[in-house]
Amino acid sequence: MSTADLRDTDAEGWVCVTCGTALERRSVDITYMASVFKVELPRCPKCGFTLIPPELALGRMLEAEKILEDK
Amino acid sequence: MEQGLLHDFEARCTQEEAPSCQSMCPLHVEVRPFVKFMAEGNFPEARKILDRLMPLSGVLGFLCDGPCTAHCRRNTVDGAVNLPMLERACAELSAFVKPMSMPGSGRKAAVVGSGLSGLSAAFELAKKGYEITLFHAGAPGGRLLSLPTKQLPRNALPDALEMLERLRVTFAELPVFSSGRLESALADFPAVYVGLDDEAVQSSEYGTALLEGGLPDPLTLAARGTDVFAGGLPADAGPSFILEAADGKKGAASVDRVVKGVPAASAREKEAVYLSTLYTDVSSAAGNPAVIPADPAAPTAAEAVAEAGRCLQCRCLECVKHCPYLARYKGYPKRYAREFYNNLSIVHGQRKANTQINSCAECGLCAVLCPYDADMGAFCADVRREMVRDKRMPPRHHEFALQDMEFSNSAEVAFFRLEPGRSECGWAFFPGCQVPASRPEQTEAAYAHLRHALPGGVGFFFSCCGAPARWSGRPALTASTAAALREQWTINGKPVLIVACSSCLAFFQAELPGIPARSLWETLAEFPLPDAAGPAGRTLALHDPCTARHAAPMQENVRKLLAAVGQEVEELALSGKQTRCCGYGGLAAYADRETGDLYSLSRAGDTRNTLLSYCVVCRDRLRAAGKPSLHLFDLLFPREDAGQAALRPPPGISARQETRLSFRRSLLQRLWHEPPVRNPLMDEILLRIDDAVAEKMEMRRILRDDVKAVLLYAGEHGAMFSNAASGRSLACLRPRQVTFWVEYSREEDGPYRIHDAYCHRMVVPGVPGEGAPSPCTVEGYAVKGGRM
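Chains as they are written, first to last, in the working numbering: chain A, 480 to 550; chain B, 0 to 787.
No wet-lab data here; the hints were simulated from the structure.
Being a predicted model, the structure only gives us computed values, none of them experimental.
Note that CB positions come from ideal geometry on N, CA and C, so glycine has one too.
Don't take every hint at face value.
[To be verified] Listed next, the stretches of chain A that the computed footprint assigns to chain B, with coverage defined by at least 3 CB atoms under 8 Å from CB atoms of chain B:
1. 494-505
2. 508-518
3. 526-534
4. 541-548
[What the hints assert, rightly or not] Straight-line alpha carbon distances no greater than 27 Å define the calculated DSS-like cross-link-like pairs of lysine-lysine that follow:
5. LYS329(B) with LYS550(A)
6. LYS550(A) with LYS390(B)
7. LYS259(B) with LYS545(A)
8. LYS351(B) with LYS545(A)
9. LYS550(A) with LYS351(B)
10. LYS517(A) with LYS390(B)
11. LYS149(B) with LYS127(B)
12. LYS97(B) with LYS127(B)
13. LYS517(A) with LYS126(B)
14. LYS545(A) with LYS329(B)
15. LYS576(B) with LYS320(B)
16. LYS390(B) with LYS545(A)
Next up, chain B with everything else stripped away, as it sits in the complex (with noise of 0.2 Å):
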């Protein structure tokens, strides 16, 4: 993958960006972890954050002005969060930690003037190891000396000139600051910061002369030369303490740089204030009015632990709040995208992000709540598909919905037929391959209402769309089923599609954009319903499908039909362009049972009321996810048991394949009067398996007919082994990359009784099927493979 593709898309995913509080403090204080700690009554913790980046804490935390305020999110709710309280608070009832300075590094640099910035850029100097002098006239502490107690506690200045003497800094007094006398105490120094705010210096014949050149450079602070840097200059606002100690600290970088041999002005544009791009929404934010201290000067611990418990905590997450597989990994979209670039780029060693990878259902909710459209679905159908470029997709991840796909586009399944009696039709019926698989009679029976309906005869188009080629990241796969849907399109005198599925519906605007295709439910919508159509006599509460999500029409036209139908509908919070995804788009549910689970289970608990869906995979999703469900066909073509539709269980794999099968050939012979084609001897195997095997067979993706194909192949060619004490044989199959075992009897009546079946992908010589002839290609076995 190209590094620019990673890049716009971590550019666009913002939850790493700093809060407005921290972006817009003139020393990017970290104000989450800082008032995190103030709120659990922390105050050495949180000391240690204020030390982290503030210079003299001690001192500043009393009179920091809080610029940060004005950016604070609860602004909108109820007032921001009054952080200089907090570091008043936190500066008084914790003791400041001597920083470790670094050994002495022999290196030298001197600061003149004594006010906040001059001593914060000595502190800063200091911590480094250099050898400070600081020249000063006076008592040192400039403006600080005539702050009243209540501001500023008696001690603190005192105690913080203490601790700068502890680190090794020199005050030297220089009664007046002549140029003449300063220039040559400095000579011996190879950078000097300058402290404007300091009146001694700023109105001192060396003061007047550093600024003629003009004011100092803001990036900088360089004044003079290279060598000599300013600050601490009133704003236009005023002085202000803090911008005072964040020019210290500016300049005291560029001295660093300077004496160092750094260029003193590369990469320093992130020092600046910046406003923050991270998004917080604050619309659900409880109200929490701010605690006004009953003495200011002196909040108490309970008042600023209540103050602090007011922060937000600005975090974005819009996407993960609402996605449990995002949730699910414990981070975000821009960490996840950096973690599956670096898993593509391992050469030796595990890939450990494939399956996260793989589960991700590519339904699109992440970029539609992003306020930056970040799209980890995209960003995902990207890697699988340089994964299976490089031949780096795991085999297990996709192969059984390939191969499901195979056999719904197999002879065997699909078809294309004009309406009975027609030699030529202007529309098709394209029910696509899982909506007959689970609601077969309600598909014929939406067939014969469009037969009805419409004028210019109506084909029936039965066949996979293709969806799960794409998904899984394999566009050669895609095209070659696209052309092939082209090509019975075209054969069959291209009709306009009318499709039942919306997963198909976007699958064919996206790769096959020249054949015009139609979603049923606007189709029905535009005709009297059917007779038998009625609601279900209770509020449906709707979901729309994901891949309906910018189907703005579609969902239009669900709601009208909904409406004629007389159905009462709860509209859930997350629906239309916010749906969620049941846990089948992306073939997430294939790589990851369990993902696909949190999905489907977080869709079902969104509400009391039954589901209705007009997707057939979720409305047979969210029932295993043990929801009363229903699908749209079960109000408008209603079976005769409609009162339990709504827990009529859902179909599994095997069961979804043989009424594909058996819908075809009810469906040829009742329309078209045409005999069945398959190979009769599967149909003669009759097996008994009880509802334990049956369900470990489901989450083994294991087949009634890959059972029956290795009982065929045993019988045929007598490879089994018996077991005398049990009465059980046990035979393999390998008829394709994955090898069948089946434990059985056979029962006195006839059938087979499966006590056991089980699957592994290893080659193990001696295993029938390997090596040719393969009994898969023998016609009839129709073993489509399926796996755990």
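Here chain A stands alone, though its shape is the one from the complex (with noise of 0.2 Å):
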């Protein structure tokens, strides 16, 4: 299992909509191409509804996802 920083994600204000719950920072293992990460992201604490924010997806995920796509 690798660990990658993948922070800084700010999902001020959102709420799970099925559970009427503000989310929390959770530890998450996102995975791809047999890698695994474990990140923190804001995820319901209930229904474990996870959200990934723009900056993330189009930063530090894209360039994770194409150093693994090369490997």
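Both chains are sitting in their own frames, so use the hints and assemble them into the complex.
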């Protein structure tokens, strides 16, 4: 398992509509091309619905995807 | 990849070959860098290049007879570059730098004769740390002693002899080279070089005896046994100083091998002169006549610089000059092929060439321009297939194109119908997937025209040909796509296909040779033009698509049509067989948008006129590069707004797919009276997307249908986040290997306002679509997927 610094994700003000709950930072295992990353992400504490903000998806996540694809 | 394939390709690309001046120089002096420094007036650096391979440049620099000049490419322009003059100037204007001699190795060898070849042999061996004893009769120098000072400056020889002494060369004078005395003197040495250019040696008893057994072996200069080497004999054309020096150097190498116990003859072929295969086009070289020095014996610095400036610095780069992709990576095919081969072999670590491999347009221009037919595209195609086979193909490069192909071949889009009212057809119109996506009305008009012109019925076959599968290196997918086409063609009575797209036609010819297929343009040229056809009212520069490169009849028929329309045409310098790619070929623009843009921008820059293509992808990409551009349909089947056609913006990826859907729907409804089939929910969702967000979606390859699927799923399952402060919602869906996120709000009158749409490929637990049942399998979500 690798760890990646994918933090600094701002999810201020978002609420899970299904549970009516505010999101909390939780450690989540995200995976790609047989690699696993432990990342702290805003997540609904009740149902686990996890939010990926645009700056994360288009920034460090994209970078990591490209590196893994060329491995 | 088998090494043989790499070697075959490498052998075709001659860019790394030495220029002929160097290959034909007995010493293989690196002429290009030498002359380049001379042209810059940097004589010390030029001297270093000379010294690297030329023994005793302080002497030979004045005496070289320049056999290279006969092979200079400038001969066919306005006369060879005068290398002997440049060497003379260099020797005169720069100081000799004493070579770094190896510390004494304890090895010994002998040289007999003090002509230029003997002195050269002594110099080469002394540099390697040998203790050399040079036997000579009379003052050392041989023929050099008799040269006028105009030819060899007074100090040149004494300086060279002094330098040799500093390199631990011992000059041993023997009054006469009698066999017996010399033999006993040489008995102490493991090997000897005999310089026969020294008259005192050649005419001596020893020299005569040496040649009794025949001339020395040309490869090693072995003259007797395994330890005596000899050279410096005059060539047929007479004595030559550079050949004497080259013999001395070659003999020294043989001596060195014998002393070290290495076979003297192995792997020495490259020491001889040879004709280089390096191709250099001199057709565009500007005239620049030879410089005649005021005093040929002492050329000035300015004269030398001017003469050196005439050097063409011979290189091939025929392909690189005209291909923005090959130029972008600052190399040439041979180097790239090695890098790609190595990229395939990487087990751990980054495969840094992946993007480069996938951004070649495989357009074939390099192979046409190359004098030896090196085809970078064909090589890339081999590499891509291997990457796919080994599961090393980065998913992002081709996924969008393949999913777009899947969409075009889905039941939602593709169809084959016989001409309305007929039970069999001798023909079928195959417009491809891109022509209807960009020119739907004109596709329909062309179909009507064909039905009118051709007896025997014309069916309609709407499908993607499968070119993306082929370009992306997927033979299995290519074969299954081709098989599906064949099946449809067979079911519908095996008609002759009339193909509007040159890429499709090339695909049919390569993958489905049993299906009779011909170009739409060939067919149209056989009949009277449509009534509405007419010229554009200005000269158009004709751009042949790269997939029509080898389709000469198609090119001719297009020109025939243009002549019939009365269109004034500019033929581009690179056209026909030598045409350029727009950047779509080989899916280059999908793998690397920037390289794709370089292709289209280079083509757009080839003319000031509006471009005209008969490939709609070319037309749209050239228009996207800012160039007013037309498709041949705009002249043959003009719309009402024909005057604006050249400026019409190209449709984006969503619009293309939506147009394919609506084209199918309206054609089936109008001609075959069939009702539409598509999940009506998708069409009920209304989107409001401003230009900035639409552009982001285009760049990220997110379709409007992707957005709709996210909204549809979120609406049905309530899976979304909301933000009270902004009043917006955020929902996501992972229908395939990509997760789409949409930030949106609801407008008062119903439509969704899209504020942002983005995507990622990493898998995050807790995202809808992970795990079964995947919503993408639900009939009607119709998500084609896309990505960055």
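Structure-based check of each hint:
{"no.": "1", "hint": "494-505", "result": "holds (count 5)"}
{"no.": "2", "hint": "508-518", "result": "holds (count 5)"}
{"no.": "3", "hint": "526-534", "result": "holds (count 7)"}
{"no.": "4", "hint": "541-548", "result": "holds (count 6)"}
{"no.": "5", "hint": "LYS329(B) with LYS550(A)", "result": "holds, 24 Å"}
{"no.": "6", "hint": "LYS550(A) with LYS390(B)", "result": "holds, 11 Å"}
{"no.": "7", "hint": "LYS259(B) with LYS545(A)", "result": "violated, 53 Å"}
{"no.": "8", "hint": "LYS351(B) with LYS545(A)", "result": "holds, 11 Å"}
{"no.": "9", "hint": "LYS550(A) with LYS351(B)", "result": "holds, 9 Å"}
{"no.": "10", "hint": "LYS517(A) with LYS390(B)", "result": "holds, 26 Å"}
{"no.": "11", "hint": "LYS149(B) with LYS127(B)", "result": "violated, 33 Å"}
{"no.": "12", "hint": "LYS97(B) with LYS127(B)", "result": "holds, 13 Å"}
{"no.": "13", "hint": "LYS517(A) with LYS126(B)", "result": "violated, 62 Å"}
{"no.": "14", "hint": "LYS545(A) with LYS329(B)", "result": "holds, 23 Å"}
{"no.": "15", "hint": "LYS576(B) with LYS320(B)", "result": "holds, 16 Å"}
{"no.": "16", "hint": "LYS390(B) with LYS545(A)", "result": "holds, 15 Å"}
Comparing the model with each numbered hint stated earlier shows that hints 7, 11 and 13 do not hold.
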